[in-house]
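Residue numbers (my numbering), protein chains in the order written: chain A, 91 to 436; chain B, 45 to 370.
Simulated from the structure, these hints should not be mistaken for lab results. Cβ coordinates follow ideal geometry from the N, Cα and C atoms, glycine included. It is possible that part of the hints are untrue.
Pairs of lysine to any residue, SDA-like flavour, derived with a Cα cap of 25 Å [what the hints assert, rightly or not]: (1) A:120 - B:279; (2) B:240 - B:158; (3) A:245 - B:321; (4) A:245 - B:323; (5) B:240 - B:62; (6) B:97 - B:213; (7) A:120 - A:400; (8) B:213 - B:124; (9) A:224 - B:62; (10) B:97 - B:303; (11) A:120 - B:183; (12) B:97 - A:178; (13) A:245 - B:65; (14) A:120 - A:100; (15) A:354 - B:303; (16) B:97 - A:251; (17) B:211 - B:166; (18) A:297 - B:294; (19) A:297 - A:241; (20) A:354 - B:62; (21) A:354 - B:235; (22) B:97 - A:204; (23) A:106 - B:195; (24) A:106 - A:178; (25) A:354 - A:127.
A few chain A residues that face chain B, going by a derived Cβ cut-off under 10 Å, partial list only [said to hold, decoys possible]: (26) 178; (27) 197; (28) 257; (29) 285; (30) 321; (31) 342.
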Amino acid sequence: MTASAANPVAPVLDVKDLHVEFDTYGGIVKAVRGVSFDVHAGKTLAIVGESGCGKSVTVQSIMGLIPMPPGRITRGTAMLDGVDIVQQKIVNGRDIRGNRVGMIFQDPMSALNPTMRVGDQIAETLQVHRGYSKRQAFDRAVEVLTLANIPEADKRARQYPFAFSGGMLQRAMIAIAIACEPAVLIADEPTTALDVTIQAQILDLLKDLQRRNGMAIVLITHDLGVVARMADDVSVMYAGEIVETGSVDDVFYRAAHPYTLGLKAAMPSSTTPKDQGLRPIEGTPPDLFAPPDGCGYFARCPHAMRVCGPSHPPNVEVDPRHNALCWLHHPDAPRTVSELHRRVQA
Amino acid sequence: MTALVDARHVTKHFRIGRGQTVHAVDDVSLAIAEREIVGLVGESGSGKSTFGKTLVGLHEKTSGEVYFEGERLPQRYRPADFQRYSRRMQMIFQDPYSSLNPRMTVGEIIGEGVRLQGGSNSAAIRSEVDDWLERVGLERVHAARYPHELSGGQRQRVGIARALILKPKFVVCDEPISALDVSVQAQIVRLLGEIKSSMGLTMLFIAHDLSMVRYLSDRMAVMYLGSMVEIGPSEAVYSQPLHPYTQMLVASNPEPDPESERQRATVPIAGEIPSPINVGQGCRFAGRCPHVMDMCRSVTPELRGAAGVEPDRRVACHLYEPATSD
Ligand SMILES: Nc1ncnc2c1ncn2[C@@H]1O[C@H](COP(=O)(O)OP(=O)(O)OP(=O)(O)O)[C@@H](O)[C@H]1O
Ligand SMILES: Nc1ncnc2c1ncn2[C@@H]1O[C@H](COP(=O)(O)OP(=O)(O)OP(=O)(O)O)[C@@H](O)[C@H]1O
Ligand code: SF4
Ligand SMILES: [Mg+2]
Ligand SMILES: [Mg+2]
Numbered sequence: 091m092t093a094s095a096a097n098p099v100a101p102v103l104d105v106k107d108l109h110v111e112f113d114t115y116g117g118i119v120k121a122v123r124g125v126s127f128d129v130h131a132g133k134t135l136a137i138v139g140e141s142g143c144g145k146s147v148t149v150q151s152i153m154g155l156i157p158m159p160p161g162r163i164t165r166g167t168a169m170l171d172g173v174d175i176v177q178q179k180i181v182n183g184r185d186i187r188g189n190r191v192g193m194i195f196q197d198p199m200s201a202l203n204p205t206m207r208v209g210d211q212i213a214e215t216l217q218v219h220r221g222y223s224k225r226q227a228f229d230r231a232v233e234v235l236t237l238a239n240i241p242e243a244d245k246r247a248r249q250y251p252f253a254f255s256g257g258m259l260q261r262a263m264i265a266i267a268i269a270c271e272p273a274v275l276i277a278d279e280p281t282t283a284l285d286v287t288i289q290a291q292i293l294d295l296l297k298d299l300q301r302r303n304g305m306a307i308v309l310i311t312h313d314l315g316v317v318a319r320m321a322d323d324v325s326v327m328y329a330g331e332i333v334e335t336g337s338v339d340d341v342f343y344r345a346a347h348p349y350t351l352g353l354k355a356a357m358p359s360s361t362t363p364k365d366q367g368l369r370p371i372e373g374t375p376p377d378l379f380a381p382p383d384g385c386g387y388f389a390r391c392p393h394a395m396r397v398c399g400p401s402h403p404p405n406v407e408v409d410p411r412h413n414a415l416c417w418l419h420h421p422d423a424p425r426t427v428s429e430l431h432r433r434v435q436a
Numbered sequence: 045m046t047a048l049v050d051a052r053h054v055t056k057h058f059r060i061g062r063g064q065t066v067h068a069v070d071d072v073s074l075a076i077a078e079r080e081i082v083g084l085v086g087e088s089g090s091g092k093s094t095f096g097k098t099l100v101g102l103h104e105k106t107s108g109e110v111y112f113e114g115e116r117l118p119q120r121y122r123p124a125d126f127q128r129y130s131r132r133m134q135m136i137f138q139d140p141y142s143s144l145n146p147r148m149t150v151g152e153i154i155g156e157g158v159r160l161q162g163g164s165n166s167a168a169i170r171s172e173v174d175d176w177l178e179r180v181g182l183e184r185v186h187a188a189r190y191p192h193e194l195s196g197g198q199r200q201r202v203g204i205a206r207a208l209i210l211k212p213k214f215v216v217c218d219e220p221i222s223a224l225d226v227s228v229q230a231q232i233v234r235l236l237g238e239i240k241s242s243m244g245l246t247m248l249f250i251a252h253d254l255s256m257v258r259y260l261s262d263r264m265a266v267m268y269l270g271s272m273v274e275i276g277p278s279e280a281v282y283s284q285p286l287h288p289y290t291q292m293l294v295a296s297n298p299e300p301d302p303e304s305e306r307q308r309a310t311v312p313i314a315g316e317i318p319s320p321i322n323v324g325q326g327c328r329f330a331g332r333c334p335h336v337m338d339m340c341r342s343v344t345p346e347l348r349g350a351a352g353v354e355p356d357r358r359v360a361c362h363l364y365e366p367a368t369s370d
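Between the sequences and the hints, there should be enough to build the whole structure, so can you do that?
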């Protein structure tokens, strides 16, 4: 069952046809090339994809965090509660976003202020967005640090970021992001520095907040186990585009795009025997200075056909609400999806 | 077996004011053989990064010794010591953002160590840099970029190239693949494996993803709150963990399968959350351990062989009788 089938109301966050580029010394990097997704209250959308494919840039542009220049949002909208926040020229991510959207950054060190005690940083957010008194805000800061599983939070709140381990920084970021109980939580690799026992507790905490407040979550992660555990829907990105979207079951059990299949094959599971070795996808992603006209995955795709090189693949609905950007699913393509799965398994 | 790196009873405490001490690493011993890869996993905040930094001299040791190729390393490095040892020992840092100089291009960052060593002209350095960019799955065009112009995973690979280009004998890799997608992870793990056989690299590989560590490492060591609680051959530790914490780690590893994840019960937050500040007597896992006994709270378990398990395994837990020969 998909989000919109169960929930007739509009999505909390609705992103359409987002394009982002950067000026660099070597030319223009076309980092995001027409990304669309939406997420409903109480649901989790996971975004997965190759390193460098534009996941962070996508969410940073929604948050108004792209430095402009050198960055540019050349096209697209992001509707939050019916208001287009991309068109609002706010660069520091404050205002409407501050209260309604919380963000967990991929680099906690770049998002935390190294010269300020961790507790004070959380308290400051609460003073600005919630109008708390200094005292109230600090008490709440200790409370959210405890919620985020930081032991002895009252002592830790008085420390500076350098005294925190990688995983503790990450939990401090999570505490800042959830302190204001946002309607949408954007989490960019929120648990990469945590061991799996703490990770499991943090994921449970997020699910719990979601059940209680109907928070929508956009979760960027490389960990397909985390996706399996958290996501209702999944979007797979490659070279600046979303190449497959569907329910978590669609993407795990009926993957339709060759990149998704390659990613799944590269993932070791606890049952894969060690001597079977690892199977990375051979080759590298295309140059984003001059993205190809045709399919971005063409050079690495084991199923590529002649049409895939010169012509951009269509976005085909392979099942209801399950889409893939790939020529294989064009009605005139010689192969069927089940044939594709057989070939991959062989 | 001659150890390339031999850490004996290494302890690192941090004073944090008001008479409080963080026991980041407490009496950890580890001998790493030449060409061996040891995976170090464990609780967040358990002291993995601190232990790694202490090995390569980035932290002064509170007590204990580290020997490298039989030579005892200084308790506290002076600037000249870094110069002396950096050729042989390198570290790939956990946080690629703050460890890369924001005012240097990627090409300059990767080539800097080679330049400082002297003896190579700039054209040779440039071609070596290009070579390493390719080996870690980046492109030549990335050499002209600044760190903030890269994605998280691209930055992480710059850190890997910068360390490996110096052809060190020993590298501490601190979470080198955590920001990479599984395909690039597999590529890096394979690259490290190749370098191990071609250059004879020895590695301490810090990670929290057990399934990847298992692929790469010969032995796996597990830390919890400053202590080493288990060590043994990777496959054995992964498939038959002895310590209750290791068992919990293996059991909480999320599987890439939505159906089985839906069946998984949510983890109750068991017991009090531990803290490395002013730790007392007894097993540090006692507060969260499902098998805790009275003696666990008063007697600190030693890392030792256990009766009935392979002699190359060690565990610090009172559930196991000591091995008779140990
Ligand atoms: N400020 C910038 N200037 C130039 N290029 C940039 C800038 N920021 C990002 N890029 C480029 O845009 C592309 C997308 O980057 P992004 O950070 O969104 O990747 P990502 O999908 O989050 O990857 P990862 O999983 O490694 O974090 C990358 O190729 C990156 O090099
Ligand atoms: N410079 C410092 N000053 C004070 N305490 C510190 C300092 N560096 C680390 N610590 C503390 O030492 C302990 C161990 O930290 P360390 O970074 O080694 O953990 P870790 O095992 O690498 O964790 P993670 O997996 O989260 O990166 C933590 O409690 C941390 O807060
Ligand atoms: S469009 Fe062609 S090249 Fe691209 S993924 Fe599909 S089959 Fe492969
Ligand atoms: Mg990113
Ligand atoms: Mg660490």
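Hints not upheld, ascending by number: As far as the earlier hints go, 1, 5, 10, 12, 14, 20, 26 are violated by this structure, in ascending order.
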